[in-house]
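Input sequences plus hints: build the corresponding full structure.
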Amino acid sequence: MTDETRDESDTDSLFDAPPMAEQERMVEAVLFASAEPVTVRDLEARMPHGCDAAEALVRLRKRYEGRGVRVVHVGEAWAIRTAPDLGFLMQKETVETRKLSRAAIETLAIIAYHQPVTRAEIEEIRGVSVSRGTVDQLLEMEWIRFGRRKMTPGRPVTFVVTPEFLDHFGLENARDLPGLKELRAAGLLENRPPPGALALGEAEDDEDQIGAGQPELFED
Amino acid sequence: MTDETRDESDTDSLFDAPPMAEQERMVEAVLFASAEPVTVRDLEARMPHGCDAAEALVRLRKRYEGRGVRVVHVGEAWAIRTAPDLGFLMQKETVETRKLSRAAIETLAIIAYHQPVTRAEIEEIRGVSVSRGTVDQLLEMEWIRFGRRKMTPGRPVTFVVTPEFLDHFGLENARDLPGLKELRAAGLLENRPPPGALALGEAEDDEDQIGAGQPELFED
Amino acid sequence: MADNQFEEDSMSVAERMAAEALIVDVDGFEGPLDVLLTLSRTQKVDLRKISVLQLAQQYLGFIERAKALRIELAADYLVMAAWLAFLKSRLLLPPDPTEEGPSGEDLAAHLAFQLERLQAMRDAAARLMARDRLGRDFFARGQAEDVTRIRTVKYNATLLDLMQGYARIRTRDEFRPFVMDRDSVFTMEQALERMRPLIGFAGTWTDLTTYMPDGWDGDPVRLRSATAATFAASLELVKEGQLEIRQAETFAPIQLRRKGDSS
Chain A
2 MTDETRDESD
12 TDSLFDAPPM
22 AEQERMVEAV
32 LFASAEPVTV
42 RDLEARMPHG
52 CDAAEALVRL
62 RKRYEGRGVR
72 VVHVGEAWAI
82 RTAPDLGFLM
92 QKETVETRKL
102 SRAAIETLAI
112 IAYHQPVTRA
122 EIEEIRGVSV
132 SRGTVDQLLE
142 MEWIRFGRRK
152 MTPGRPVTFV
162 VTPEFLDHFG
172 LENARDLPGL
182 KELRAAGLLE
192 NRPPPGALAL
202 GEAEDDEDQI
212 GAGQPELFED
Chain B
2 MTDETRDESD
12 TDSLFDAPPM
22 AEQERMVEAV
32 LFASAEPVTV
42 RDLEARMPHG
52 CDAAEALVRL
62 RKRYEGRGVR
72 VVHVGEAWAI
82 RTAPDLGFLM
92 QKETVETRKL
102 SRAAIETLAI
112 IAYHQPVTRA
122 EIEEIRGVSV
132 SRGTVDQLLE
142 MEWIRFGRRK
152 MTPGRPVTFV
162 VTPEFLDHFG
172 LENARDLPGL
182 KELRAAGLLE
192 NRPPPGALAL
202 GEAEDDEDQI
212 GAGQPELFED
Chain C
146 MADNQFEEDS
156 MSVAERMAAE
166 ALIVDVDGFE
176 GPLDVLLTLS
186 RTQKVDLRKI
196 SVLQLAQQYL
206 GFIERAKALR
216 IELAADYLVM
226 AAWLAFLKSR
236 LLLPPDPTEE
246 GPSGEDLAAH
256 LAFQLERLQA
266 MRDAAARLMA
276 RDRLGRDFFA
286 RGQAEDVTRI
296 RTVKYNATLL
306 DLMQGYARIR
316 TRDEFRPFVM
326 DRDSVFTMEQ
336 ALERMRPLIG
346 FAGTWTDLTT
356 YMPDGWDGDP
366 VRLRSATAAT
376 FAASLELVKE
386 GQLEIRQAET
396 FAPIQLRRKG
406 DSS
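Residue numbers (the numbering used here), protein chains in the order written: chain A, 2 to 221; chain B, 2 to 221; chain C, 146 to 408.
If you anchor each label on the Cβ, the simulated ranges turn out as follows:
no.	chain 1	residue 1	chain 2	residue 2	range
1	A	SER130	C	LEU198	23 to 31 Å
2	B	ALA46	A	PRO20	36 to 44 Å
3	C	GLN199	A	THR40	52 to 60 Å
4	B	PHE147	A	GLU173	58 to 66 Å
Listed next, the stretches of chain C that the computed footprint assigns to chain B, with coverage defined by at least 3 CB atoms under 8 Å from CB atoms of chain B:
no.	region
5	279–287
6	301–309
Since the hints were derived computationally from the structure, they do not count as laboratory data.
Ideal Cβ placement from N, Cα and C applies to all residues, glycine included.
Okay, here's the thing in C-alpha cells:
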C-alpha cells in the first residue's frame, strides 16, 4: 500500500477522519463480520465521521486479489466471498439450493435478461402461461421482486431481479449477465409485437415503453 | 517464519502438496466460510493430501496481524474474528423521534399543573388508572422526578416536573404554564362538558373554583 | 450465439425418440411453443433459416396423432394448431391483394423470431445456472457477527400538546365529538373560530395537525373534512397576516407559526 501521503492531507475537517489504512481495517472488519453485502452508505454510517468507505473498499479489494477470499461488488453493495476455485474445500458448508423446475429457471432467466418485464411478456416469450407457484417460488427465494408498474393500459406490475440474485450468481450487476450484449445485438431481447391482426391496440406503446425503459435499468 | 525452503523440498510424495501460498489461501477460505472454529486436523482432512495446515495457519495469522480481523485460537481450533479495537463498528445506533402517547401527555400535564401530585391524584383527575410504563417513561425521559412524600396516610410519593421539562417546553417555571382561564380564553376549554358531569351555565362558578384552587397547587 | 449449440450428432436418434415421446408425453412440454421448438430441431438448421411451413405441418401432424390417440390436449395447443393451419394456408396461397392484414411471411418471420428468442432464453438460463454460485462454489461468511442495534427512542411533545392534553382532561370531552348540525362536516368558519385563539400560542413552527379538532380523527370522512377546513382556515389566517405557513416539500407536514411581530 502506498497511501501514506493521502491520509495526512485530509486535515481540513475539524475532526480528522482516521488514516486510510485504518479506514481499510474498518471496512475489512465490517465486511468480514457480515454474511450479507454491505452498502457504502451503510459502511460510512458505521465508520467515524469523514471516512471514505469507497476509497477504502478499492484498496481492500486490491489487497485481497488472489487470496482465499475476495472482496466482491454485488449491486450497490460489497461483500467478502471465498474464491470460487476453493469451493471443493467447502463440502460441509454447501447449501442445497432448492431444485428449480425448468419453468422456474426459464422464468428467472427471462426476468433477468428482460427486466423490468411483466407477466404477460414472460408468457409471450415462453408461449405458455406462468404459474403462480413459479413466480411465488422465485419471490420467496428473493431472487426476483416487483419492479415499478408499466405505463401501459392496466398498469401491469413488472418483475426485476434482486441483489440476492446477483450475489447468488456472483454478478456485479445485471449488465454482467452472460451473453447480454450479444442477445441484445441479435434483437432477442426485444419485445416484438406479433404482426397485424394479432397485435393488440397498445402494442406500439408497449414497444416504446420497453425500448425506453430497459436501457435505463441496465445503464446505471 | 524461516521455512520458505520447506515447501519446495516436499517433493518426495507422489502427489505434491500445493505450494504453501496456496495452502494459506485454502485455510483462509475455510476459516472464513466455516460456521465454527476449525481444528488443524479438520483443516487437513479437507485440504489436499500432504498439506501442512499448522504451518499455513501460522503464516495466515501473521498476514492478518494488525488487520481489521485476526486469526485467533479458540480452544483447540482456529477462527477469524474482528480485531478487538474495532468492536465499536459492530454496533449500530439509531435515534428515533416519536410522539409522546396521549396517556403520557395527559399524565405529564397533570403533574405539571398540579405538582407535587401523587399517583392516586393523577388517576382521580384523569379518571383512569395510570400505567406504570407511562410514569416510568416520563421518569426515564427525566421530565418528571419524585418529589417529597405527602403527609397523608400511607405517605404516598409525589411527582414533580424537572428542570429538563421546563427546558424542553421553554418555561421558566411551572407557574408559566397557562392557567385554566387562559386555556379557556384560548379556546382550549371551550368544549361543552358531557351532559351530567357539569351543568351548563355553571361555567362561572367553575372558573372561580378553579381559579381559586390552582394557585394553591403551585404554592410550594 | 444460438448458432449450433445443440448436439447435432446425437440428434437423429434423440429426435426420433423425442418424436415418439411427443405423443406419449405431452405433459412434459411447456406449451405449444416448446413443442414447436422441439420439432424445429429435426430441421437441423439455424432457427433463422427454419422452414415455418414444414414446422406447421409437423405440428399439425403431432396434433392429429395426439387426437387419434385420444390424448387430451390443452386448449392452447389447439389454438396454436388452428393458427398454424391459417398460417399454412397463407403461405401456400398466392397473396390476395384485397386481403387486409399481415402477409404469411410476416407471420412466419415472427414465429421464427419467437422460437429463436425462446431458445436464446433457454441457453441463457443454462449459462446462468452453470455459473459459480453462492453456497455451492463460493461462500459467504460462516460465522457472521451480528450487529448489535442500539436503538434510542426520543420522545417529543409540544407545549400545545401538553395544554390540549390538560384541557382535554379538565373538560372530559375525550369521547365527545362536537355536536354539529351536519355532523360530518367541519366548516372553515368553525376551524377559524377554533384556530384564532390558539394561534397566540404558536410562537414556534407547529404542525397543522395539532390544530385539528378533537374527536375528528377517527372516521376518515370527518378527518378529511376537518383537515380541509383547518387548512383552509390557516390559509385565511395567513391572508389576514396573522399566521405564517410552510411546507418543506410535497406531502411534507404543513407547519404554522404566529406572524412575527404582529400586534
